[in-house]
Amino acid sequence: IFSFSSQKSHHFSRLSAMSVYKLFYFDIRGRGEVVRQTLALAGIPFEDIRLPRPADGPQWAEFKSKTPFGQMPVLEVDGKQIPQAFAISRFIASQHGLAGATAFEAAWVDAIADQWKDFHTEFSKFLFVKLGFREGNEKLLKAEHGIPSLDNFFPLIEKQLKETGSGFLVGDSVTWVDLLIAEAVQVISTAEPDFLDAFPEVLKHEQKIHAIPLIKKWIENRPEQRR
Numbered sequence: 004i005f006s007f008s009s010q011k012s013h014h015f016s017r018l019s020a021m022s023v024y025k026l027f028y029f030d031i032r033g034r035g036e037v038v039r040q041t042l043a044l045a046g047i048p049f050e051d052i053r054l055p056r057p058a059d060g061p062q063w064a065e066f067k068s069k070t071p072f073g074q075m076p077v078l079e080v081d082g083k084q085i086p087q088a089f090a091i092s093r094f095i096a097s098q099h100g101l102a103g104a105t106a107f108e109a110a111w112v113d114a115i116a117d118q119w120k121d122f123h124t125e126f127s128k129f130l131f132v133k134l135g136f137r138e139g140n141e142k143l144l145k146a147e148h149g150i151p152s153l154d155n156f157f158p159l160i161e162k163q164l165k166e167t168g169s170g171f172l173v174g175d176s177v178t179w180v181d182l183l184i185a186e187a188v189q190v191i192s193t194a195e196p197d198f199l200d201a202f203p204e205v206l207k208h209e210q211k212i213h214a215i216p217l218i219k220k221w222i223e224n225r226p227e228q229r230r
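To convert, count from 1 in the sequence shown and add 3; that's this note's numbering.
Worth flagging that the hints you see were computed from the coordinates, not collected in a lab. Glycine residues also receive a C-beta, built at the ideal position from the N, C-alpha and C atoms. Hints may be right or wrong, so weigh each one.
[Said to hold, decoys possible] With a Cα cut of at most 20 Å, we get these calculated SDA-like pairs of lysine to any residue: (1) 25 with 45; (2) 142 with 71; (3) 120 with 86; (4) 25 with 97; (5) 120 with 159; (6) 142 with 124; (7) 25 with 226; (8) 25 with 74; (9) 120 with 74; (10) 128 with 110; (11) 207 with 163.
[Claimed, not checked] FRET-style restraints, in silico, Cβ to Cβ: (12) 167 with 64: 42 to 48 Å; (13) 69 with 123: 22 to 28 Å; (14) 227 with 138: 19 to 25 Å; (15) 70 with 141: 31 to 37 Å; (16) 141 with 107: 38 to 44 Å; (17) 46 with 121: 44 to 50 Å.
Please take these sequences and the hints and turn them into a complete structure.
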């Protein structure tokens, strides 16, 4: 279904609307990955433009002034730019049945995403050191930020999955926030394999989401990266 070029820019070969989509982000998964997976699940062909790290490199310095907020990811649709990963994901999801079946469900999708953002702010203080993106005392950061933030967030996700009973976080079908959480779980489990053992529903959810054919295909073909 998908074909990829050998360059840093990868292309989907599926037919879609006439709009031209270009996604700009660094050559990592990071905040851009939920957007990439949402586009993949929506079946939207897009140009996956990956700027090389480091973040202070010349290519990003040149492109930065051309972005709305001086940040990536940025989605360009027919030449018009949309910044911020969650705004982009909502934009795509709302047009392709991936944002919740009702206004109430859509609010819950956003609520879980916002809660994840709070979690990630704290957890990343440990994770970025663990993955080698920053320097720091890994053991201390794990104790002060990694474990406490994980223990605050994932019981909420475990409870939510038990309450829906559908295998999805909101309602009875996949939404973009399922992609967000499943990606986070995969990254965490790779970095610390036993971190999430106390949350079986969370682990089953990750397996379920990443077994969706379009997502499975995306994961199998994306560049190999730790995060």
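To see whether the hints hold, each was checked on the structure:
no.	hint	in the structure
1	25 with 45	holds, 15 Å
2	142 with 71	violated, 38 Å
3	120 with 86	holds, 16 Å
4	25 with 97	holds, 18 Å
5	120 with 159	holds, 14 Å
6	142 with 124	holds, 18 Å
7	25 with 226	holds, 17 Å
8	25 with 74	holds, 15 Å
9	120 with 74	holds, 16 Å
10	128 with 110	violated, 28 Å
11	207 with 163	holds, 13 Å
12	167 with 64: 42 to 48 Å	holds, 44 Å
13	69 with 123: 22 to 28 Å	holds, 26 Å
14	227 with 138: 19 to 25 Å	holds, 24 Å
15	70 with 141: 31 to 37 Å	holds, 32 Å
16	141 with 107: 38 to 44 Å	holds, 41 Å
17	46 with 121: 44 to 50 Å	violated, 31 Å
In terms of the numbered hints stated before, the structure departs from hints 2, 10, 17, listed from lowest to highest.
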